[in-house]
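J.: Listed below, chain by chain, are the residues.
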Amino acid sequence: MKPAAFGYDRPADWPAALALLAAGARPAAGGQSLGPMLNLRLAQPESLADLRHLPGYAGVAVADGIVRIGAGTTHATIEDGAVPGRLGAILAGVARRIAYRPVRNRGTMGGSLAHADPAADWVSVLPAFAGPLGGHAVALGPAGERRIPLDGFMLGLFETALAPGELLRAVELPVLPEATRWGHWKFCRKTGEFSKATACLLAVPGAAPRAVLAALDAPPLVLPDATALLADPEGESERLVAGLDLADPWRAAIARTALRRAAAGAAA
Amino acid sequence: MPADGALPPGETGGGLGVGAPLRRKEDARFLRGRGRYVGDIARPGMLEVAFLRSPVAHARLRGLEKPAGAEDSVFTLDDLGALGAIRAVSALPGFRVSEQPVLASGKLRHVGEAIAACVAESRAAAEDLAAACALDYEALPAVVDMLAARRPDAPLLHEHWPDNAFLETRRDEDLADLDAIAAAKVTRRLRTARQSMAPMEGRGVLAEWDPRLEQLVVTTSAQMPHVTKSGLAECLGLDEGQIRVIAPDVGGGFGYKGILLPEEVVCARLAMLLDRPVRWLEDRLEQLTANANCREHHYVVTAWADREGRLLGAEVDATVDAGAYSSYPFSACLEAAQIGSIFPGPYTLPRFRFRTVSACTNKPPILPFRGVARTGVCFALETTLDALARRLGLDGAAIRQANLVPPEAMPYRNLVGKVFDSGDYPEALRRAVAHFDLGAIRARQAAGEPVGFGLAVFCEQGAHGTSVYHGWGIPFVPGYEQALARLSPDGVLELRVGVHSHGQGLETTLSQVAYEVLGVNPARVRVVHGDTALTPYSTGTWGSRAMVMAGGAVAEACRQLGERVRAIGAALLQAPGESVTLSGGAVRHGEAAVTIDEVARTWYRRPQNLPRDVNTGGLEVTAGYRPDPDTGTHSYAAHACVVRVDTETGATGIEDYVIVEDGGKLVNPMIVDGQVIGGLAQGIGTALYEEMPYDAEGQPLAGTLADYLLPGAPEVPDVRLDHMETLSPWTTFGQKGIGESGAIGPPAAIVNAINDALAPLGAEVLDLPASPRRVLAAIAAARRSERAPPGEAR
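Sequence order for the protein chains is Z and B.
Read in order, the letters of the first sequence correspond to residues 1 to 268 in my numbering.
Read in order, the letters of the second sequence correspond to residues 1001 to 1794 in my numbering.
Bear in mind the hints are in silico, worked out from the structure with no lab data behind them.
Note that the structure is a prediction, hence the values are computed from the model and not measured.
No residue lacks a Cβ here, since even glycine has one placed at the ideal position from N, Cα and C.
Hints are supplied without guarantee of correctness; some may be wrong.
Label pairs and their computed distance ranges (CB to CB) [stated by the list, open to error]:
id	chain 1	residue 1	chain 2	residue 2	range
1	B	Pro1044	Z	His53	31 to 41 Å
2	Z	Tyr100	B	Pro1489	45 to 55 Å
3	Z	Gly85	B	Arg1391	33 to 43 Å
4	Z	Asp248	B	Asp1079	17 to 27 Å
5	B	Leu1031	Z	Tyr8	51 to 61 Å
6	Z	Glu238	B	Arg1391	32 to 42 Å
7	Z	Pro205	B	Ala1780	48 to 58 Å
8	Z	Asp248	B	Gly1033	37 to 47 Å
9	Z	Glu238	B	Thr1187	54 to 64 Å
10	Z	Pro36	B	Leu1031	25 to 35 Å
11	B	Glu1449	Z	Ala247	29 to 39 Å
12	B	Ala1759	Z	Arg239	51 to 61 Å
13	Z	Leu42	B	Gly1033	51 to 61 Å
14	Z	Gly85	B	Glu1725	42 to 52 Å
Partial list, computed: chain B residues near chain Z (C-beta under 8 Å) [to be verified]:
id	residue
15	Glu1121
16	Arg1123
17	Ala1124
18	Arg1612
19	Val1614
20	Asn1615
21	Arg1644
22	Gly1650
23	Ala1651
24	Glu1655
25	Pro1711
26	Gly1712
27	Pro1772
28	Leu1776
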């Protein structure tokens, strides 16, 4: 379990990073998924572009009701409260349950999103902040920045809306009122295990509640209006999961449970 | 807390000898990350090895195309000269011999079987070579399920065998009358998962040829270095004196490090062929999928009892999936062939019939893992007992109390000839139950809460010797255990033992034994182990034997050394030999005393001060020890726990766990606690998490620790430990082997608790691990059978 030989570059600025990508380099952030994939030789890139030293790659900024989280911000930074307010509390609660602290110390929000493992945590919850709430990913390509709604970012297993040659630069999320209600539940057999079903429900005053059901070996299922789930968690979870036509009755059972418990968390 | 072989603060009584909770001397290096493992050791000019391994479970190997230009760096069996296959033959009647070639040739019999060794300056480059090899093989249907292995149409792994079984054993007794007289009869079909032992350090070996000594030096992660040396000598065709095996720090043994691996033989020969040091470090993928297999059992158990729950008889039909080969030295039948003799457990079973099969399948060979066979047997017996209890309307404690061997029957010989040395089994159970408020648990259940209480009682034979193993006839039979004790000129005591310490704390506990006998402060005792050139031959550390056997040998060597010290001391004190005593580290005659240090200094450096005839043997003694009888000690324990089952997801949480344990005289109670807690963690793994699934083609499906789940710290509860201390009448200090105990009880206790929680739903878990998927499936099956019309019940 040693990687095949690969080249390594550490671009000093964003244009250099884009140039390396154009030349075929694979971007590397915290390395918490890529590292094992290299060791298992599931990934055998010609070379890596290590993004971690790019200016502004990590860090949180708030302006005009928008929280901009640099793609290279680690889960631990978010867990430790770098994002202010109600949104920060919600994100910290998600971050705290990602794998183990040593993984959180190195793993990044952007790296995890761009890797697009269906069981990963940001992939599973950030679509809740999209739609009318406006949450989006900021991609940087040769033509400049473009914004991708977070509920359209993950297209398939390990597949995102990023175009070839594009980098994920930041995630922008709305500042949330204190009265925002939030429920989040995921099933792991042990601490640190990949989730086998994740659900969350976000209810911002004045907006339709949004919910996500994820970690079912597929891109997340986004419910732009989860009013019915809040009102009848039992019936709605049955109906929604039946619609997924899951072959495995156990995964279906925990998917229903995830929806019910996320709804209960938001109702509490 | 410092690791210095001293007493913890506040500990005063008991001195520094047997029974004292000394802090472990070895922790000074372990806690600081200064342990030295094979992976920490390198040599100039060293080459690294990666093995090309079989991608399929069963195939005829037609050929291997080596990468162009690198032909001299890839070695198949034909390239290695004459090398014996690994043969672990049992003398049990009917045992079929398998030859495990050190590199596959002709046939591939499991995924991960080594085919070629690729040698390069780095492991990464060696893996490049392995990836560039092209294999030519004809795939054959694989034997994946142990129950299907003996069907007439099953393909044969070893084609000269009549079917795929290493061995079948049986005990016949007609139980046909029991149906008529029993108040209850239950039959259960149970399965335990195939597991992979997962020590933090995998296997690893560094082999080099020493031309001066004409000796092969093999530094390897081994718990039985002398047995490894014997096995290497057989395969390589060398004298045993031409091989020196060094086992440095070893990051967890658990049985896995007792096995002679083909990789060790190959690296040894490569070092000789290439005249360069050669190292192989097992990676996690190899450990999980190619090597460390253990535990997979299937049982059909029937038990009959009277109205009070007294067992009238039992019948067990057990199959163990032994994999493709018989591994050295414990053989392919180490699990199955023991099931018959240990199934009666701690109970007075009056009648018994069994059949066991060691099935041969296209999986890696089954290896001994802490608890060897007992974990599965305890699970099968204890869950069946609970099923009987439910049928009779008794609680779990009552049915066990009706059958446990009573203390007044000790020593007790059971119906299959096992001899239990001592103990109060019913008291252990009573104390375990008394740690709980059962009424509160029953009240929660009555309120509909899915909580359950579970019990398991078992005894563990350890340190069993010649009289037990000679009949088994595997490549080694333990005899007298030897230890060397010698005083250095400065009075430091050196102990040399052939057992190996890899977590047991023997560097501390053997020092305590020496202190008990000679009075030398443990801080001034050095324990030398893990080097066949420096230590007496020993079968090593396995079978919960080191504290009984090496402890006994060290005590005997120290006693004989003490006689010599007394004689020299008497001469220095100018007193008659019989009038002096040895105590507190000094030889005494009335008020006069001479310290052991002074005795040593005089013997080595001022012999002119001694009479010519004082002692010709010097201050160095090798002594042997074997208990009489040597049928083994029986430690025992009662495990009890409360679990809560999430009936929506099937997840089980352990709320509380109690272990009442009797290991006889505890040489170091703190170390025993550590052993029990570590065993519990592994037992929880067996109960709830660990599973190596195989697909229909024989492909292992858990290649990383993200797929092969091990319990972590959050999954292991704060166990409550309670010790009893019933001495063994047969050992030096009354100590008993206890190293495996913690890993035996948890699957039974936890599944019994789960089934107690599920009882209102009519559901019962029968297979390990009791994963959320299995628990939910059991609930669903109970609901289906509830809805099924009468006559179609399960």
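J.: Each hint should be assessed against the structure and marked as holding or not.
T.: Structure-based check of all given hints:
no.	hint	verdict
1	B:Pro1044 to Z:His53: 31 to 41 Å	holds, 36 Å
2	Z:Tyr100 to B:Pro1489: 45 to 55 Å	holds, 52 Å
3	Z:Gly85 to B:Arg1391: 33 to 43 Å	violated, 60 Å
4	Z:Asp248 to B:Asp1079: 17 to 27 Å	violated, 47 Å
5	B:Leu1031 to Z:Tyr8: 51 to 61 Å	violated, 35 Å
6	Z:Glu238 to B:Arg1391: 32 to 42 Å	holds, 36 Å
7	Z:Pro205 to B:Ala1780: 48 to 58 Å	violated, 41 Å
8	Z:Asp248 to B:Gly1033: 37 to 47 Å	holds, 43 Å
9	Z:Glu238 to B:Thr1187: 54 to 64 Å	violated, 37 Å
10	Z:Pro36 to B:Leu1031: 25 to 35 Å	holds, 28 Å
11	B:Glu1449 to Z:Ala247: 29 to 39 Å	holds, 32 Å
12	B:Ala1759 to Z:Arg239: 51 to 61 Å	violated, 32 Å
13	Z:Leu42 to B:Gly1033: 51 to 61 Å	violated, 30 Å
14	Z:Gly85 to B:Glu1725: 42 to 52 Å	violated, 59 Å
15	Glu1121	violated, 12 Å
16	Arg1123	holds, 5 Å
17	Ala1124	holds, 4 Å
18	Arg1612	violated, 65 Å
19	Val1614	violated, 61 Å
20	Asn1615	violated, 58 Å
21	Arg1644	violated, 15 Å
22	Gly1650	holds, 7 Å
23	Ala1651	holds, 7 Å
24	Glu1655	violated, 17 Å
25	Pro1711	holds, 7 Å
26	Gly1712	holds, 6 Å
27	Pro1772	holds, 6 Å
28	Leu1776	holds, 5 Å
When the structure is compared with the earlier hints, violations turn up for hints 3, 4, 5, 7, 9, 12, 13, 14, 15, 18, 19, 20, 21 and 24 and for no others.
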